[in-house]
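Work from the hints to combine the two standalone chains into their complex.
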Amino acid sequence: MMEEQAIIRSLIASSPEILAIVGACFILIGSLFMGRRLGVLLTISSLVVVLLCAIVTLGVLESQQAVYGGSFIMDPFAIFFKCLIFLATALTILMSGRYLEQENIVEGEYHVLILFAMTGMMIMVSGTDLLVIYMGLELQSICFYVLVGFRRQVVGSNEAALKYVILGAVSSGIFLYGLSLVYGLTGSTQLSEITSVFIQSSKQDPMLILAVIFLVVGLLFKVGAVPLHMWVPDVYEGAPTPITAFLSVGSKAAAFAILLRILMDSLASLSEIWIDIVIVIAVATMALGSFVALAQSNIKRMLAYSSIAHAGFALLGIIAGGEQGVTSVMLYLLIYTFMNFGLFSIVIMMQKQGPRADEIYAYTGLAASHPVWAFLTLIFLFSMAGIPPTAGFFAKFYVLLALLEEGYVWIAVIAVLLSAVAAYFYLRIIMLMYMKKPIDDFKLSLTPALILVLLLTGIGTVGIGLAPDWFLAQAQAAFFSDTVIVSSATGP
Amino acid sequence: MDFPILSLIILLPAVGVIPLLFLTNARSIRWIALVFTAADFFLTILLLVLFQQTSHQMQFAETLEWVPALGIAYNVGVDGISVLFVFLTALLGWICVLASWNAITMKLKEFMICILIMQSLMIGVFCALDLFLFYVLWEAMLIPMYLLIGIWGGPNRVYAAFKFFLYTLAGSLLFLIGIIVLYIEGNQSFDILMLMSQDYGFEVQFWVFLAFLVAFAVKVPMVPVHTWLPDAHVEAPTAGSIILAGVLLKMGAYGFLRFSLPMLPDASQYFAPMVIGLSAIAIIYGGFLALAQTDLKKLIAYSSVSHMGFVTLGIFTFNNNGLMGGVLQMFNHGITTGALFLVVGLLYERTHTRQISDYGGLMKIIPVYTIFFGLFALASMAVPGTNGFIGELLILSGAFEVNAAAGVAAIVGAMLAAVYMLSLFKRVALGTAATFEGPTLLDVNPREMSGIIVLAIFAIWIGFYPKLFLSILKPTLDHLLTQVLGT
Numbered sequence: 001m002m003e004e005q006a007i008i009r010s011l012i013a014s015s016p017e018i019l020a021i022v023g024a025c026f027i028l029i030g031s032l033f034m035g036r037r038l039g040v041l042l043t044i045s046s047l048v049v050v051l052l053c054a055i056v057t058l059g060v061l062e063s064q065q066a067v068y069g070g071s072f073i074m075d076p077f078a079i080f081f082k083c084l085i086f087l088a089t090a091l092t093i094l095m096s097g098r099y100l101e102q103e104n105i106v107e108g109e110y111h112v113l114i115l116f117a118m119t120g121m122m123i124m125v126s127g128t129d130l131l132v133i134y135m136g137l138e139l140q141s142i143c144f145y146v147l148v149g150f151r152r153q154v155v156g157s158n159e160a161a162l163k164y165v166i167l168g169a170v171s172s173g174i175f176l177y178g179l180s181l182v183y184g185l186t187g188s189t190q191l192s193e194i195t196s197v198f199i200q201s202s203k204q205d206p207m208l209i210l211a212v213i214f215l216v217v218g219l220l221f222k223v224g225a226v227p228l229h230m231w232v233p234d235v236y237e238g239a240p241t242p243i244t245a246f247l248s249v250g251s252k253a254a255a256f257a258i259l260l261r262i263l264m265d266s267l268a269s270l271s272e273i274w275i276d277i278v279i280v281i282a283v284a285t286m287a288l289g290s291f292v293a294l295a296q297s298n299i300k301r302m303l304a305y306s307s308i309a310h311a312g313f314a315l316l317g318i319i320a321g322g323e324q325g326v327t328s329v330m331l332y333l334l335i336y337t338f339m340n341f342g343l344f345s346i347v348i349m350m351q352k353q354g355p356r357a358d359e360i361y362a363y364t365g366l367a368a369s370h371p372v373w374a375f376l377t378l379i380f381l382f383s384m385a386g387i388p389p390t391a392g393f394f395a396k397f398y399v400l401l402a403l404l405e406e407g408y409v410w411i412a413v414i415a416v417l418l419s420a421v422a423a424y425f426y427l428r429i430i431m432l433m434y435m436k437k438p439i440d441d442f443k444l445s446l447t448p449a450l451i452l453v454l455l456l457t458g459i460g461t462v463g464i465g466l467a468p469d470w471f472l473a474q475a476q477a478a479f480f481s482d483t484v485i486v487s488s489a490t491g492p
Numbered sequence: 001m002d003f004p005i006l007s008l009i010i011l012l013p014a015v016g017v018i019p020l021l022f023l024t025n026a027r028s029i030r031w032i033a034l035v036f037t038a039a040d041f042f043l044t045i046l047l048l049v050l051f052q053q054t055s056h057q058m059q060f061a062e063t064l065e066w067v068p069a070l071g072i073a074y075n076v077g078v079d080g081i082s083v084l085f086v087f088l089t090a091l092l093g094w095i096c097v098l099a100s101w102n103a104i105t106m107k108l109k110e111f112m113i114c115i116l117i118m119q120s121l122m123i124g125v126f127c128a129l130d131l132f133l134f135y136v137l138w139e140a141m142l143i144p145m146y147l148l149i150g151i152w153g154g155p156n157r158v159y160a161a162f163k164f165f166l167y168t169l170a171g172s173l174l175f176l177i178g179i180i181v182l183y184i185e186g187n188q189s190f191d192i193l194m195l196m197s198q199d200y201g202f203e204v205q206f207w208v209f210l211a212f213l214v215a216f217a218v219k220v221p222m223v224p225v226h227t228w229l230p231d232a233h234v235e236a237p238t239a240g241s242i243i244l245a246g247v248l249l250k251m252g253a254y255g256f257l258r259f260s261l262p263m264l265p266d267a268s269q270y271f272a273p274m275v276i277g278l279s280a281i282a283i284i285y286g287g288f289l290a291l292a293q294t295d296l297k298k299l300i301a302y303s304s305v306s307h308m309g310f311v312t313l314g315i316f317t318f319n320n321n322g323l324m325g326g327v328l329q330m331f332n333h334g335i336t337t338g339a340l341f342l343v344v345g346l347l348y349e350r351t352h353t354r355q356i357s358d359y360g361g362l363m364k365i366i367p368v369y370t371i372f373f374g375l376f377a378l379a380s381m382a383v384p385g386t387n388g389f390i391g392e393l394l395i396l397s398g399a400f401e402v403n404a405a406a407g408v409a410a411i412v413g414a415m416l417a418a419v420y421m422l423s424l425f426k427r428v429a430l431g432t433a434a435t436f437e438g439p440t441l442l443d444v445n446p447r448e449m450s451g452i453i454v455l456a457i458f459a460i461w462i463g464f465y466p467k468l469f470l471s472i473l474k475p476t477l478d479h480l481l482t483q484v485l486g487t
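For the record, the sequence lines run as chains A and F.
For reference, each letter of the first sequence is one residue, going 1 to 492 in this note's numbering.
For reference, each letter of the second sequence is one residue, going 1 to 487 in this note's numbering.
Chain F extracted, bound-state conformation (with noise of 0.2 Å):
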């Protein structure tokens, strides 16, 4: 395929920045942004189609010489893995600007700027087949999302912004020590494929897998490293909050199938155990931490904590089902907590309060909205018929085949998302209804309802049908594991 589809897809919304600087008015600002974000959506769709789900390669390559000095190229490429993920990206791209669009007042035109920014950065990384190009992209992204959270975020959104930066910041200074080392046992190349056909020493692998545990544990987040995420969440607008749950909470976990299973298999064999047994911990902790929150977004954000410890677990069983589940729970959690983030600001947005006390019987305001709610409450606690619940399922099956101990962990965390998911919906939904202050709350209205339909279809197609996406990703699945197991 000679057409630079990938390119494309990552550059549009950078270009969209250019004439987003020329513009001054507010209306022709969020139209800008939304076409070129809609338009890279479509370009994902054709990807999507045009990707062959029978093989494992990489495809749509393209290469371009960087800095051949190095052996550092622009190297892109999608596998099953990725591509789902940039489609993700791009679905969420458009939902970010819809949600941004009358919720930002203050320095719309640098807002957009940053989304469009970031959007390109994050398909970016998914689509490198480069580590240099991935690491450059990975930091890049530090910048727009510390400007999104502190000039965009809530009252304490400086604090949260600097915890944010530092923390990712120092765990991927070590990821690049992990990276140089690699290059330099590795052939002085920094060809992601070319990496993985390396044999690396033990002692090798258990250094550098402990460098980037670090990095990607802490984006993904694991617990101990998880509690900047709480405040990032919790300050960050609406759609940076949906940026951060839906794309950048899967960079971690993406980093650990890229790099960590294929490259270094002998030291993730060796720390499967102890990843294991810190998801477990994330999945009961996160849960437990989000059965108290009496902020919404704290919430979301710690059964975030408490899902993602799914994923991880998924991925460190080593079989097919544990990872499978593992990664179809990341794309579902994407659209999950993506969608949970979308609705908490859209109510954020008429009531100015995040605390769940102020709310109740919302059901008999504003019907429709709570409806949706519902949905992506159920899905978010694994309801069958809803997109969470085969992830959850798959990483339950996988992970009893490993260890009987993580799997009762799992379905402890499960039993817990439901407590904590029907009792916020309880609380908010159900019951008298509330009084607000300032004018009738309003249901969705048909900008805002797009992108929740979307997401819903999503989340019920998942649920009822997954084969698209599990025969996407099955080939590179399998693929994966014969490079961790070695057979």
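Isolated chain A, as found in the complex (with noise of 0.2 Å):
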């Protein structure tokens, strides 16, 4: 008896995950036959499967108990990240429809493999065991890996596949092994045993140090922080747009889930081994992020420095750590999600300008002739340089103030002095958009899909600014509470 009701637990935790699955399955079989109508239909059916799964994410209830034998849980922390993970599943569906039409690549295998990627990341962020955890890793690698270089007559999609993939198998290989360590130390996978095992151990043990910073350092390739970051830039550029946003969003979210899961528990006890390293790392990452992007003429390419100096500032949540710190990141990333998508839809809708599209130049003068998209625009690009009222702003407001809280004045200083630095490059897309003519007509690839992305996005970038009251709580209320958080008392 105790056994059944074990398994029909953790079916249960786990259907969305398995509604995934199933769903991506019949889509890949249907879309055989769909013929012609073969875009909308496969639009709309992944759009079903994301929307059930996040009705029976939020209709399952919530436990603190984990299934599976301990090793998969479905708790707010959860929770949060998946709805996080199906906002950004739907809003790249809902942008690849026209892209996929001009790019010519429209096919079953790219829905399929976006759902795969999804189910990838929710495995992730319920993971309560280091190898399941591998597992989501791995099913979301492997699916980016293939989406990446989806456009496969272009050659600067082929290059980026091939670096993600050796790239990315190096940081699997290193966090695998960082794993193996874990295992050897503490003769567990699980969080839990190895969160007990890791409060009493040693903190001068050679093995323990480099078991964690090889863990930490294969979680950061995912984020993109320096100085496991020279793939970003490549991949985004070579990417097909929908799936370089998903990839800075979705995939980022949830790497970030899992660095919180780990650090600010299972290796809380250990803070002063890796809070050195991740304070170096995220200042190294603001900065070159914002200051290589100054110089970037490709306008994904600045996107993707952009998003390296966005993981920096959000690692700095981790550095101030406890519930403030966890929270403030959980809601940076979901701002970041609405700006991020917004300007990627944006980068979308003026891929009709020809192979020039994606420099920053096309940009110029679109005030003149578009004046609601460019204000659209700036609003995301404003929030992006955390201009308030925008949520840009509050993201970097609360990071600031966890940070404070736990007393590292410095590093908030530099944080706010290289966003100063950041704004420029921001700004300099809307000075182009609103201070210069016209170079020549704009033809804007405007569906109703990406018109609601970008209202969506909008909204979301200037709601959430106006009034953050209720995602903060939302996030606050998804803190994982029932652990002990230690390293908020080893601030310095």
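Treat the hints with care, as some may be off.
In silico lysine-lysine, DSBU-like type, Cα no more than 30 Å apart, as pairs [as the list claims (entries may be wrong)]: (1) F:Lys298 to A:Lys436; (2) F:Lys298 to A:Lys437; (3) F:Lys426 to F:Lys364; (4) F:Lys107 to F:Lys298; (5) F:Lys163 to A:Lys437; (6) F:Lys107 to A:Lys352; (7) A:Lys443 to A:Lys352; (8) F:Lys163 to A:Lys436; (9) F:Lys107 to A:Lys436; (10) F:Lys107 to A:Lys443; (11) F:Lys107 to A:Lys437.
The hints are simulated quantities; they were obtained by calculation from the structure and are not laboratory data.
Every value quoted in this text rests on a predicted model; they were computed, and no experiment measured them.
What follows is the structure, encoded as structure tokens:
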């Protein structure tokens, strides 16, 4: 009886993942019979799958108890991140329609791979066993390897995929190596057991230090932190634009979720080992992202470096630690989802401009002929730069609040000065749009789906900025409060 | 008082944006913008009338929850200092609209939207009693101002807009850190009155003061972070210059009055000699720079640096006269320099040149205009009978009580002001009449006159009978002094 109950509970807790996989398989088979209306049907059916998963996720009773023998959990923290992932997936699918038609790559596999990648991320954020987490990570990564190279005829896309595969494999290897070291030290891959062993272990053990570093490095690769950022610009530039957006939000959010779960919980007692590493990495990431973005002329590359800088800023929340630190990272990622998808849909909107559509100069004078879209771009850009009353400001504000609460004043000062640097390259696009005369006519590719994405992200970007209260409360409620947070006590 | 008059004053200009969005006709766009700014102005007159002059308390206070989890609220109210600047902002608002009536030929709708939003934000800044709200409004002002300079400015506008934006942003981000530190040290609240009543340790005050100083010094602007000002002023359209000189520069000084002094009294006293020194440098250095200019707007911009030096000097003397003079001079500077940019803008609109050497003998061509130009020049150099005299006299008497050297520097600055203003007037208005290409130079028309007249009335009113303004300020400033000096 106990066995059966446990199995049923496990199945219920993982029902969103099961649903996503089943749905993806149906679409894979169905896509063979969809015929001429393939594109629209694929979009609708994948959206339905995402929506169903979301409903089930919100409907399933959350519980603090891990299932599958302690390796999978459906706690509020996981639900928060799953909702974020659903949002990102839905927006990606909505953005993809016209883009795929233009690139002439309408194929069922594309949507199926997106759904599988989504499943991978869902498993990642729910995993409480390093092996489960690793499995989700790999499922997600492998789907992205293919998706990044989906524009088979384009050399840049192939190059991006190849780079991503090789570097991604190395990082997975590093993570796996750290995992095996942890297993050797603790005799378990489950986070809860690892936690209890680590609390008692000696902080001087070189094996332990090595294991922690390997784990952290493997995850920081996915986040795109310096010095593991080299893949980001090339992959972002070469990948199909919706996939770039998905990669920069979904993949990053899932990696952050694991970073939070592992660092704030299992490795919290070892914070003196990793905290200095993370501080150095966060500052270096922000600095490199902000300064190198200044020199970019391709908007996708610029957004890649900007996403590196944003990752650095979100890492500050991890440094702060504690409830506020974790919450601030979650809120940051949520807000980043809105503004980043907004900007990427603007990039897709400009797609028709020809081969130089991705150049920043393609935006010159946009405000003269298309004031509404230019204004929306302006909002996204100011939000990226962190200027109130947009949501981007509140995200930064809350991270800084958490950081200062723990007394890291100098890091906060460096962070704000670097974001003043970063403001320059966002402003430059606004300058081009508003203060220069258009070079030639604009041919925007606007579909109802894309307009919907633009409106949703626009509302999110302004709305969270003006009324952050509800979102803040959600993030706070989703904090994994059952666990003892040690790191907040170890600030300087 | 239940009627939310402050919220109405803050929101009215922003509400005016909504009808503007649907209009395409330039004429109706202008009129709608004018109606909303003028209505706002009348509301602020009502506010002044209803204002209790004997109290230092915050009046017309309103509170609305915003982010209760972090103790953030929409919290507004005015005291003697802010009520004056709300009034000044609303006064310059409709003058800006009139000044842009024909001057803006391109994207008029967007321009008026920027002006209206700017006005809402500026009034909001002066009313905010919640630090977070204050910061949001203060930062948000950068967006319309950046666009105002960058889209409708002169030839070098993009450079000026970037410089303005990045200078101010870098300063205010440090301000943000200071705010958060105060929040953490002061009972997890953003309520300004609550934060004023807290006692902070000297070390906290020391660093927070420095962080605030950077932000406010950029805005004022104090030497050596003043270099954005000439560029921004010269490139901005007339209305932009009026807003910049009339209101934005006041915000730095207002920040000192509202935050640095009452919240960080020990650090304020500690740093007062430094600020006074910087002010003295600004007065003289700005004066000499103004002396050397060949561009009308640049000259007035550098004179602003010098005059704002008087303001910060007065504030940091921490005695009755100095403080009173400093705040009054803020108001005066808004009137006078706003007026100077207005008249210079009118001239530029007609002749399309700002080079002083291109002008001469305007007295013979457009006498009415020249008389007012002369009046504002006199007010700017603080001739007795104009508003500038009262302010500078109070500041000087305050300065000599504290630091004779600073007082001497201020006198030298006042003399420099006389030199550059008189020489400006001589070169532009007297001598042989210059010839200009294009149609003959027209004197001021009634539309232009309305703004000039009102500003002139204030300049002379304060010059002869400043009692109303002083009595509004007195209780608030007395209270402020007790907060700083701790008696």
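Hints, one by one, checked against the model:
Between F:Lys298 and A:Lys436 the CA atoms are separated by roughly 25 Å; this keeps the pair inside 30 Å, and the hint holds. This hinted pair checks out: F:Lys298 and A:Lys437 have alpha carbons roughly 27 Å apart, not beyond 30 Å. At most 30 Å may separate the alpha-carbon atoms for a hinted pair to count; F:Lys426 and F:Lys364 meet this at roughly 13 Å. About 26 Å separates the Cα atoms of F:Lys107 and F:Lys298, which keeps this hinted pair within 30 Å; it holds.
Of the pairs offered as hints, the one joining F:Lys163 and A:Lys437 holds, with about 21 Å between alpha carbons and a cut-off of 30 Å not exceeded. Distance hint between F:Lys107 and A:Lys352 is fulfilled; the C-alpha atoms sit about 27 Å from each other, no more than 30 Å. Between A:Lys443 and A:Lys352, the direct Cα distance comes to roughly 6 Å. Compliance with the 30 Å bound is thereby established for this hinted pair. Taken as a hint, the F:Lys163 and A:Lys436 pair is honoured in the structure, with Cα atoms around 17 Å apart against an allowance of 30 Å.
Taken as a hint, the F:Lys107 and A:Lys436 pair is honoured in the structure, with Cα atoms around 13 Å apart against an allowance of 30 Å. As the CA atoms of F:Lys107 and A:Lys443 are separated by approximately 22 Å, the hinted pair is consistent with the 30 Å bound. A distance of roughly 13 Å separates the Cα atoms of F:Lys107 and A:Lys437; the hinted pair therefore holds under the 30 Å criterion.
Checked against the numbered hints given earlier, the structure satisfies every one of them.
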